[in-house]
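Since the structure of chain R is provided, determine the placement of chains G, F and Z on it from the hints.
Protein chains: 4
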Amino acid sequence: MPPRNVINARVSPKGSLETLSHREVQQLSEAGSDSLYKLFRQCALAILNTGSHIDNAKTVMDAFLDFDVRIHQQDRGVYLELLNAPADAFVDGEMITSTREMLFSALRDIVYTENELQSRRIDLSDSQGITDYVFHLLRNARTLRPDVEPKIVVCWGGHSVSGEEYKYSKTVGHELGLRKLDICTGCGPGVMKGPMKGATISHAKQRLTGSRYLGLTEPGIIAAEAPNPIVNELVILPDIEKRLEAFVRVGHGIIVFPGGVGTAEEFLYLLGILLHPNNRDIPFPVILTGPKSAAPYIEQLHAFVGATLGQAAQRLYQVIIDDPVQVATQMARGLKEVKQFRRERNDAYHFNWLLKIDESFQRPFDPNHANMASLQLSRDLPPHELASNLRRAFSGIVAGNVKDKGIRLIEQHGCYEIHGEAAVMRPLDQLLQSFVAQNRMKLPGGVAYEPCYRMVSSELAC
Amino acid sequence: MPPRNVINARVSPKGSLETLSHREVQQLSEAGSDSLYKLFRQCALAILNTGSHIDNAKTVMDAFLDFDVRIHQQDRGVYLELLNAPADAFVDGEMITSTREMLFSALRDIVYTENELQSRRIDLSDSQGITDYVFHLLRNARTLRPDVEPKIVVCWGGHSVSGEEYKYSKTVGHELGLRKLDICTGCGPGVMKGPMKGATISHAKQRLTGSRYLGLTEPGIIAAEAPNPIVNELVILPDIEKRLEAFVRVGHGIIVFPGGVGTAEEFLYLLGILLHPNNRDIPFPVILTGPKSAAPYIEQLHAFVGATLGQAAQRLYQVIIDDPVQVATQMARGLKEVKQFRRERNDAYHFNWLLKIDESFQRPFDPNHANMASLQLSRDLPPHELASNLRRAFSGIVAGNVKDKGIRLIEQHGCYEIHGEAAVMRPLDQLLQSFVAQNRMKLPGGVAYEPCYRMVSSELAC
Amino acid sequence: MPPRNVINARVSPKGSLETLSHREVQQLSEAGSDSLYKLFRQCALAILNTGSHIDNAKTVMDAFLDFDVRIHQQDRGVYLELLNAPADAFVDGEMITSTREMLFSALRDIVYTENELQSRRIDLSDSQGITDYVFHLLRNARTLRPDVEPKIVVCWGGHSVSGEEYKYSKTVGHELGLRKLDICTGCGPGVMKGPMKGATISHAKQRLTGSRYLGLTEPGIIAAEAPNPIVNELVILPDIEKRLEAFVRVGHGIIVFPGGVGTAEEFLYLLGILLHPNNRDIPFPVILTGPKSAAPYIEQLHAFVGATLGQAAQRLYQVIIDDPVQVATQMARGLKEVKQFRRERNDAYHFNWLLKIDESFQRPFDPNHANMASLQLSRDLPPHELASNLRRAFSGIVAGNVKDKGIRLIEQHGCYEIHGEAAVMRPLDQLLQSFVAQNRMKLPGGVAYEPCYRMVSSELAC
Amino acid sequence: MPPRNVINARVSPKGSLETLSHREVQQLSEAGSDSLYKLFRQCALAILNTGSHIDNAKTVMDAFLDFDVRIHQQDRGVYLELLNAPADAFVDGEMITSTREMLFSALRDIVYTENELQSRRIDLSDSQGITDYVFHLLRNARTLRPDVEPKIVVCWGGHSVSGEEYKYSKTVGHELGLRKLDICTGCGPGVMKGPMKGATISHAKQRLTGSRYLGLTEPGIIAAEAPNPIVNELVILPDIEKRLEAFVRVGHGIIVFPGGVGTAEEFLYLLGILLHPNNRDIPFPVILTGPKSAAPYIEQLHAFVGATLGQAAQRLYQVIIDDPVQVATQMARGLKEVKQFRRERNDAYHFNWLLKIDESFQRPFDPNHANMASLQLSRDLPPHELASNLRRAFSGIVAGNVKDKGIRLIEQHGCYEIHGEAAVMRPLDQLLQSFVAQNRMKLPGGVAYEPCYRMVSSELAC
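Protein chains in written order, with full-length UniProt numbering: chain R, 1 to 462; chain G, 1 to 462; chain F, 1 to 462; chain Z, 1 to 462.
Okay, chain R solo, but in the shape it has when bound (with noise of 0.2 Å):
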C-alpha cells in the first residue's frame, strides 16, 4: 500500500447544535482502549476516507495507524484536532462541509448511545424496550421529524456494483427525486450512492431545500462502507439489528436493487417481518428492481424466496426490471397507501410503531462458529422465523467476508458450517454460487473470493 496523503486539522461544528458538558469530553478523551475514544477514532477515520474506495476494515485501519483526533472544548462550543488525516476529506486544506457534518454527528450518537445505555430506562431485555431505544437514538439525532409527509425510501443494494447497476441507482434516484421523495442508504458507495446523487439533481431541478439523504450506519460497517458526501443525516446506530430495526421503522418503502450476501441479508429480514402475521395489514412499498442486464440475479433471488420462503413472501414486493420511471411511480403509490392508513390508525409518519418486529429480529446474531453451526434451516419452520434464520446465515457470511472480527474468527477456526434441510440448502447453495460467479462476493484486496463457510449437506471446499 502506497504512503497516503495527510493532514492535520482542526474543525469545528459549524452551525450545529451540538454541545458537550466537561463530563463528555472527559469520557471521549480518555485514550484506554475500550473507551469511546477508541470507537470514535475508527469512526472519523471511516468518515474521514470518503474518497478512498478500499472497503475492507482492516485494511482502512491499517492504512493510517497513526491517524488520531483530540477533542477540545473551547469558548465557541466543542471542537476536534486531526492528526494525520486522510487528505481526500479537505479541498484546498479546509474539510469539506458534508465531512465535517458527519465527524460531529458521529460525536453526537456515541456520546448519546452510551448515555442511553447508562440509563435505567432503557429495558433491553424485552422487545418494546429495543424499539425505544432504537426511537431514542434517532430522536436524538433528530431523523423524527413530525408533521412530514411519507417519503423516506430507503435504497439497499451492493456497495460494490457493476457501473451499469450504478447508474441505473442513479436514473431511479433521479425519478424519485423528481418525485419529491427523499432517499436512505446505509451509507457507501455503489447502490448507496446512486440513488443519492440521482435525486441530488432532481431536487435540484425541483427546486427543493431541505432533502434528506439519510445515512444509517454501524460501527462494525462503517470502515468498510464509508458514508458518501452527499449523506446529509448521519445516523450511527450501536449495531446491526438496531440498524435494521431504523430502517423499517424510518423508511416509508424499500427499494432492493442488486448486491452481494449483505443485500440478501436486508432482504430477508424484511420478508420476515412483513411475514409476521401481525403485520399482515401494514403497507410497506417493496420493490425488487436492476437494469436488465442485472435480470438473472434479480430472476435468481425471486426463485430463492419463492423455494425457500414460498409465494406468499413473493407477492410482498414487485419486481420491476429495467424502467425506473415504473419504479418511481409504483413506489410514490405505495407512500399514498401508507399514508391513509397511518393516518387512520393515528400511527405516527415518522416511526412505524405498528410493525411488530420479533426478538429473534431485535437480538444481535453473534457469528461465531457455534451459532452458524446451529441454525435451523427448515421449511418445517413458519416462513418468517425461516426468513429470520436465513437471515442471520447471509448475516455470518458478510462478517466471516468483510468484518474485522468475523475475518478473525475465520482465520483462527476456519470455515463455518452451516446446516439444514436440503429443500432450504440446496437453493442456497445456489443462490450464493451465482453470488461468486456474478463476482458479487466481497474481494478483500482484490484477491480471489475464498467462501467462509461450508453448507455441510453439500460438500462445498472452504
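Think of the hints as simulated: they come from the structure by calculation, not from any bench.
Just to be clear, a hint being listed does not mean it is correct.
Remember, identical chains collapse to one label, so a pair may be satisfied in a single copy or spanning two.
Claimed, not checked - Here are the simulated SDA-like pairs of lysine to any residue, each with C-alpha atoms no more than 25 Å apart in a straight line: (1) Lys180 with Ser211; (2) Lys336 with Gln73; (3) Lys336 with Val11; (4) Lys339 with Val11; (5) Lys180 with Val11; (6) Lys336 with Ile320; (7) Lys38 with Pro383; (8) Lys170 with Leu208; (9) Lys170 with Asp88; (10) Lys339 with Arg10; (11) Lys167 with Asp88; (12) Lys167 with Asn439; (13) Lys356 with Arg333; (14) Lys170 with Arg212; (15) Lys167 with Arg207; (16) Lys38 with Asp66; (17) Lys180 with Glu81; (18) Lys170 with Arg207; (19) Lys180 with Gly93; (20) Lys405 with Val6; (21) Lys405 with Asn439; (22) Lys38 with Leu137; (23) Lys180 with Arg207.
Structure of chains G, F and Z alone, referenced to chain R:
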C-alpha cells in the same frame, strides 16, 4: 371568584421538533396523583393562564378545577386535548402561537427531567453532578447554542411592581435591544415582562430575527408567575436551585430591578456565588437599577448588602438610578469583558463552566419551620456563607407568601422563626419592613399583608 | 433651537438588493438646486430625524442646514456618506438598521420615480396611466406580493394625538396583530406608530416572522412626519394623490382613528371613491374608531358626513367606540369578504384593480389661493364629487398649516378663502372649529393655532 | 418526426415575486404576428422542450405547431395556460419546478425589455447607453447582487460534444463547486449543462444553499439550446451582443471548453475585448481546457490565436489539458486577484464597469451576405479589431448553421463569401475544416454537414 370563560381545543406542536415515544405518552397520560400527568397539568394551566393577573398558586389552581389536558399520539406527531382551558389563551378560537409553543416546551422538559432522573449517569450527590444535570436539561431544551457571542442579559425584579417601575424596565429593555442583546427573565408579568417588551420593539427596529426571550421557571412558581407570551424559549427546571444555577450559568450579565423578597433572594444568591474566593477573577456584570421613584428602595438594598456582607460585596455590582442608556451601555461593556475572558480561558460562551457554585447553593432548601429556625445568620461566617443563609431566609419567606406548600405549612404551624446576630437581624428586619411599607410583599387575594415569619430577637408580631 | 448632536458616518445597504448604475449614481450626486440630489437629501434627513418630535417641515430642515449626504459606488455596491447627521439615528455609533433600510428605500424610490417619468410608456394624461404608474412604483418597491391573502390594514389618524388616543391605537394594533394582520400607515408618530407598535408585540406572541409594517409617504410630508423605525417597508410616492391611491389599492381595509384635518382629508378621499357608482359592490371594510374620550370627535365627524354627503356615505363605514377587540374582529370579518370577492372576480389580492378612482381624485390639487377660492361646495353635486371637493379643501388647509410651500403662500397672500353653500359650509366650519377646540390643528413651533383659511359666508378671522 | 406527447396545464409562479399590470398582461396576450406574444410563445416552447435533443430551431418550432400559451390575471397573481405543451416538462402531470420558474423568468424579461425600450432614458446610440441597458436588464432579473464575493465562473463550450468532453466538463464543475464557485453558461445541453451538474453535486457536499446556476440566453438561440433544468437563474437578453456583454460583465472568470464555431465566436469576442489597450491591467482569468482526447482541438485553437492575433493574445489565457483540479485551483486563484483589484478600484463585484467594450462588439452584427463579404480580415488591423471581425465571421457561420433567419438566407442566396488576407484566411480555413473533421459543426437533422460559407481566396465548395 367569577366564573371564567373556558374553551375546549386540540393543539399540535406546529413546526416544533418534539416527538414522544409510546412509553412517554403513556407515562404522561396516567392520571395517578403522583404522576407526571399532575405536574404537566399544573404547568399547562399556568401557561394557559397568561392573561390572568392572579399570582397566588392556590387561587389559580382552584379557578380551573375542571381543567384537563390529555396527550394523544397521531400520524403527524403528538397532540394535546384541552378541556375547560382558560379562554384568554385563544384568539378567535385559535390558541396564541407562543402559548402553544410553551405547552410543548413544558411537555419536553417534564418528560426529559423524568428520564434524566432515571439515568445512572446523573449523580446528584455531588456538586459537579448537579451542574451536569442542569447542563443536560438546558441542552435538551436547546438553550445552549454554541458559536453565539455572549449577549444574554438576565433581568431580575418584581413581577408586581409600580407602573413607573414597569415602564422603566421596558425602557431599559428597549436600550438593551437596540444594542442587540437578548433578555432572560424568570417568567411572569412585571419586571419579568417589561424588558422583553421593550426589547421586542427595538429588536424590530434593528431588524433582528431570532432574538431570544428566555424564560426560566420551575413547577413551584410557574402557577404564580405564568410565563408572559413574549417568552420564546421556556425552560422548566425541576426546582428553584436548578433554576438559579441556570440563570447564572446561561446568563452573561444580570440586571436587578426593584422587586420584593423573591428579588432579594435572587440577589443574595448571586452575591453569595460571586463572593466565593474561586470566582474572584471571573467577570460578571451586575447592575442594580430603577427609576428615580425607586431610589429609596435601591439605596436600602445597597445599604443592607453593605451592613451584612460588607463593601467587597458592594463592589460586585454597579448602582445606576434612572438612566436606561447608561445601564445598557455598561452592560454591553461588561459583556465584552465576559467574551474576552471566556475566549482566553476557552470556556464555553453558552455555559459558564468556570463559575464555582458551592453545594450549599445547589441543594434545595426545604423551608420548614425547623430549617428556618436553625439558619445561621452571623457576620462571623465567611461572607459567601452568610449570603447563602440569607438567601435561604428569603427563600423561606417567599414560600410562605406564595407557594402552595409554604402557605399550607404556615396555616398549620404559624409563622417561621428566624434567629440571628443583631447586626444581621436588624438590617434584615428593616429591609423586610420597608418592603411591606413600599407594598412590595405579596398580597394574596388583595388582603393586607400578613408576615409569615418572626425575627426572634426583634419581637415582630406574626 | 438648541444645537443638535450630529455624527458623520458611512452606511451601506446590508442585505439589501439595491444596485445602481453609474448613471444613476451620477444623477443623484449632482448637487444642482433642482436635482434629485436635493430631493434625496430632504428625504434622508427626515428619515434620520426619527427621534425628533418636530413636525414642521421648515423647522426640521433648518435645524440641520449643514447636513449632507453623498453617494459612492464601491466594490460591494453603493454606500452613503453622511455628514452632520442627527445623532439620534445611531446607537453607539452604529446606525439603527431600520433607519439604514429606509435610507436605501428612499434612494430606490427616488431613482425609480425619475426613471419612470422618463419613460414613454407612462401616460399620466389618463386615469389608467396614472394607476399603472402607481402600480409600477409599488412593484419596484416590492410592495406587491402575489400569493398572499388580503391582510393589509391601513390605519389613518393624527400623528399628534392625546396619550389616550395613542394608547388606544396601540391596543387596536395589538388585537389586529393577534389576528395576524399587517399594518400600513402614512409614517410618522402618533396613530401612524401606535398600531405598528401594538402589532409588533402581538406578532411576536404569534411567532410571526415577515410581518409587514408598511409606511407610505411622499416628499412633501416626510419631513413633517418622519417614518417611525418600526416601518419595515417604506415607499416614497411622488405626491399626495399617488400616495392616497397607493393606500386604497394596496390596503384591504381601513381604520380611521382620531386625527386632524389631514385625517379628515383622507377620510373624505376614501368616501368619495367608495361613493362612486362603479364601486358600489366592491367590499371595502372601513371602521371609524377611538377611545371613549374621543367619542365627541368621532360623533362630530360622523355627523358632518351625514350632513354633507348623506346617509349612503355613513353606511360605508362602521363606528366603534372604545372596543379594540370588536374593531379587530370586524376588520378580520371584512377582509374575508374582500378575499372572497377578489377570488370570484379574479382580481389580484395585491392590488385593487377593480376600484374605480375618478381622475379628479388622481390629479394633484395645487392649493393656491385661486384654486381654493373656486372649489364648488354644494349639495347639488353628486356625493362623490362633493366629497372630492371637500377633500381638496382639507388638503389645502393641511398645506397651509404644515407644508413648506403652503406656509410660504399664506405668508405672502394671507388666508385662503373658501366659498360654498351654507348647508355645507356650516358643518364644515363647525368641524374645523371643533378641531381647533380639541387641539387637533397643527401648532407649528408650539404657538397658538392661527387658521390659514376663511369661510366666506361665515366671517372667520384669518 | 413522430407525434410528440403533449399536455394541457395551468401554472402559476409559486414563490416568485413577479406581478404584472393589466396593461402588461394585455400586451402579452395580443396574438398579432409582431407581438410580444409571439416572442414569449417561442421562448416558452424552448423552455418546455428541455427534454428534447433537437437543436435546430425550425425543427423544434415545427414539432409543436399547435402549442399555445395564454396569460391570465387572477386573485393570487398571474397564471399561464398552456395548450399542447411538451409532456417531458411534467412529472406525473405536474410541471417541474425549474421549468415553471424559467417560464416566468422569460415573461419577466420579455416584458421588461419591451418597457425599457420605450424609455427615453435608454440611449442605444452610444456605448455607455448600451452598457446601461444591459445593466438594467440584469438588475431587473435580480442577477446583480451586491455584497457577494466574485465567484461566477462562466463556462463556454459546445452544446453537442463527445461523451468524454461532457464528462470532463462535469468533473471540472465538481471541482469548481467544491471550491464554492458558481456556474454561468449559455443554457442548453453539453458543456452548458455538465459543469452545472458537477457543481450541483459538490455544492450539496459543501452543504451550500443558494448556489447559482446562471443561464444567459437570447430569443434567437433559446429554441436551439433549451435551458437545462439545473439553471436556477435564467435571463433572456434581447440579442447575442447583449448576451455576450452580460457574460463578461457578470462573470468573474471564464473557462473555454471544446465546442464548435459558436464557442470560437465567444472566445474571439473575449480576446477582442481583453486585447483592447484600456483593458490591459484588468485581471480576468481565462482558461482553455479539455480532456486528453480534445488536446488536438485545443492546440489548434491555440495555434489559430497565435497565427492571427499573436502571442499577446495567447498570454491572456492559460491552456490546461486534462486536469480538473488544476483548472479549479487556477480559477480560484484568478478570482482572488479579481476581488483584490475591484476592491482597490472600488469597482462593483457584481458588474464589471471598468471593462472597456468597444462599440464594434456591442452592435448587433447582421449576418447577411453583404456584411459577411465586407468583413476586413487582415493582420494589419490592431489585434482587437481583427478579433472583432473574426468574431463576426464566426457569428455569421453560426447563424447560417442553426438560426432560423440565417438558414433561410442561405437557402435563398447560397453560401456566404468571406474575403481576407491569406495569413488570416489560411488558419481560419484550417480551423473550420478541422471542426468539420472533428464533427464539431452543427448537423441539422443529422444529415452530413454542408458548409454555409466560402473562403474566397481558398476555393472551398459551398
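Each hint tested on the structure:
no. : hint               : verdict
1   : Lys180 with Ser211 : both (8 Å within a copy, 20 Å between copies)
2   : Lys336 with Gln73  : between (47 Å within a copy, 20 Å between copies)
3   : Lys336 with Val11  : between (42 Å within a copy, 24 Å between copies)
4   : Lys339 with Val11  : between (41 Å within a copy, 21 Å between copies)
5   : Lys180 with Val11  : between (33 Å within a copy, 18 Å between copies)
6   : Lys336 with Ile320 : within (19 Å within a copy, 51 Å between copies)
7   : Lys38 with Pro383  : neither (40 Å within a copy, 47 Å between copies)
8   : Lys170 with Leu208 : both (18 Å within a copy, 22 Å between copies)
9   : Lys170 with Asp88  : both (23 Å within a copy, 19 Å between copies)
10  : Lys339 with Arg10  : between (44 Å within a copy, 21 Å between copies)
11  : Lys167 with Asp88  : both (24 Å within a copy, 21 Å between copies)
12  : Lys167 with Asn439 : within (18 Å within a copy, 27 Å between copies)
13  : Lys356 with Arg333 : within (23 Å within a copy, 50 Å between copies)
14  : Lys170 with Arg212 : both (16 Å within a copy, 23 Å between copies)
15  : Lys167 with Arg207 : both (23 Å within a copy, 24 Å between copies)
16  : Lys38 with Asp66   : within (13 Å within a copy, 56 Å between copies)
17  : Lys180 with Glu81  : between (38 Å within a copy, 24 Å between copies)
18  : Lys170 with Arg207 : both (19 Å within a copy, 20 Å between copies)
19  : Lys180 with Gly93  : between (35 Å within a copy, 14 Å between copies)
20  : Lys405 with Val6   : neither (27 Å within a copy, 59 Å between copies)
21  : Lys405 with Asn439 : within (23 Å within a copy, 57 Å between copies)
22  : Lys38 with Leu137  : within (20 Å within a copy, 28 Å between copies)
23  : Lys180 with Arg207 : both (10 Å within a copy, 19 Å between copies)
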